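Enquirer: Taken in sequence, the protein lines are chains A and B. Position one of the first sequence corresponds to residue 1 (the working numbering), numbered consecutively onward. Position one of the second sequence corresponds to residue 1 (the working numbering), numbered consecutively onward.
Just so you know, these hints were derived from the structure itself, not from any lab. Owing to the predicted nature of the structure, the values given are computational and were not obtained by experimental measurement. Keep in mind that the hints are not guaranteed to be accurate.
Calculated cross-link-like contacts (lysine-lysine; reagent style DSSO-like; alpha-carbon spacing at most 30 Å) [unchecked claim]:
1) Lys108/B x Lys68/A
2) Lys79/B x Lys32/A
3) Lys9/B x Lys276/A
4) Lys6/B x Lys32/A
5) Lys71/B x Lys32/A
6) Lys71/B x Lys10/B
7) Lys6/B x Lys122/B
8) Lys158/A x Lys6/B
9) Lys32/A x Lys132/B
10) Lys79/B x Lys68/A
11) Lys71/B x Lys276/A
12) Lys132/B x Lys71/B
13) Lys10/B x Lys79/B
14) Lys71/B x Lys6/B
15) Lys68/A x Lys132/B
Now for the letters of each chain:
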Amino acid sequence: MDLARYFFYYLIFPGFLFTAVVGLLTTWVDRKVTARVHWRVGPPWYQPFADTVKLLGKEIIVPAQAQKTGFLLMPVIGLAAATLASTILWVVNLAPESSFIGDSIVVLYILTIPAVSMIIGASASGNPLGILGSSREMKLLFAYELPLVICLLTTIYKAGSFSFQRILELQQAGGVMLGSFSGVIAFIVTIMCIQAKLTFIPFDIPEAETELAGGTHLEYSGAALAVVRLNMAIMFFVLPIFLITMFWGGISFVGWRILTSILKYVAIVVIIVLIKNTNPRVRIDQAVRFFWGPMLILSIIAMILAVLGY
Amino acid sequence: MSLALKALKKSPWVFHVNTGACNNCDIEILDALTPRFDVERFGIVLVGSIRHADVLLISGPVTRNVLPRLKRLYEQAPKPIKVIVVGACGCRCGIFRDGYNIIGPVDKYIPVDAYVPGCPPKPETIIAGVVKVLGTL
């Protein structure tokens, strides 16, 4: 019986089906806001769904030099990991008592798997530009993980526990993490890290459409490309939820909190999209210097403030 | 009509190839993709890689150097793919007809689904050509 329930959680709600639909809608919000910034009308709401269905119906090409298994398997592993992270986050948000010790660490760990799977998949593609993209993705991963982990540690230090339940309880009782100085600094740094995790401009260095012609997902076509794009859409959905859970009191479906939950989510998505639309792409060395310099110093300041009680 | 074809009509992704044009048609193609015409309303997006493409937008007559690349691009594209030739040169070699390095129009080497004549065609004409190709699906 438990097994059936877990399968339902993972595959239907709040797992794969729900996450994929809302994730694709989020990419539509991204494209629509981008269009409004450009003073255009933008695509209709069903555009991401049409793209996905179309890609599923197209031919999958495996390049002659590609290592077939790794090339085709890796996007699926990334998708499974992103879905699992989303499932854990939602189950914990809707029913905090189902939290387990150290689940915030588990989610943080699972959220790096999509990036790692893209690195391996692009290396297996046998395309020089794809391999260049995967090497850049690897450097970017090393760059942003350090400040990201320190920022999340500020919240974990204040809650005194690694479990989401304790973190959510503390925020419901004693005000959200964003209400303190250390929380605000950590929140800003985490948004920057999320920008890099999603490989959005200014940190879209691994993809770089105009330079690497798509980089890490250059060689994917047809259904494989659909899985890669779905993977990115789900990450775009999961990361703001993770941010809200850690810093902004979590998501709730009880009474009026439905509305505030959705508003919080959309606000973070729009902030990310606006950063994406108002910045140029940086070089990889600039990105690494940015994360290991100013962002690391800010996150350490946040940590010190949290220890001092601010 | 199958669901995949219906979806293809709603999101044709375009890959742009220059096979030896004078760049005038390329400028008009870029014009057609600007916010003024906003083709993303219909799901038309310019993609960077041939593996993602649904429509091959070709401008210019085929030169001797570019022919092997053109054939390889067509083979690398995931099927079904539609080919649109933009500009008088791509359709019938235009003013470059007697050039020493021109070896013929595009449809001599790969199957073409639509011709958009003009020197260069207006962005409206290019969009009309894409619409006509989608109508044949």
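Enquirer: All hints, please: hold or fail.
Expert: For each hint, the structure was consulted:
Note on Lys108/B and Lys68/A: the hinted pairing is violated, with a Cα-Cα distance of about 35 Å set against a maximum of 30 Å. Our distance criterion of 30 Å between C-alpha atoms is met by Lys79/B and Lys32/A, whose separation comes to about 29 Å. For a cut-off of 30 Å, the pair hint linking Lys9/B to Lys276/A stands: about 29 Å separates their Cα positions. With a C-alpha separation of about 22 Å, the suggested pair Lys6/B and Lys32/A falls inside the 30 Å cut-off, and the hint holds.
A hinted pair counts as satisfied when its Cα atoms are at most 30 Å apart, and Lys71/B with Lys32/A does not qualify at roughly 36 Å. For a cut-off of 30 Å, the pair hint linking Lys71/B to Lys10/B stands: about 27 Å separates their Cα positions. Between Lys6/B and Lys122/B, the direct Cα distance comes to roughly 27 Å. Compliance with the 30 Å bound is thereby established for this hinted pair. Proposed proximity of Lys158/A and Lys6/B is contradicted: the alpha carbons are some 53 Å apart, above 30 Å.
A distance of roughly 26 Å separates the Cα atoms of Lys32/A and Lys132/B; the hinted pair therefore holds under the 30 Å criterion. Between Lys79/B and Lys68/A, the direct Cα distance comes to roughly 20 Å. Compliance with the 30 Å bound is thereby established for this hinted pair. This hinted pair does not check out: Lys71/B and Lys276/A have alpha carbons roughly 37 Å apart, beyond 30 Å. For the hint linking Lys132/B to Lys71/B, the alpha-carbon distance of about 24 Å falls within 30 Å, and the restraint holds.
Note on Lys10/B and Lys79/B: the hinted pairing holds, with a Cα-Cα distance of about 17 Å set against a maximum of 30 Å. Taken as a hint, the Lys71/B and Lys6/B pair is honoured in the structure, with Cα atoms around 28 Å apart against an allowance of 30 Å. For the given pair, Lys68/A sits about 38 Å from Lys132/B by alpha-carbon distance, which is inconsistent with the 30 Å threshold.
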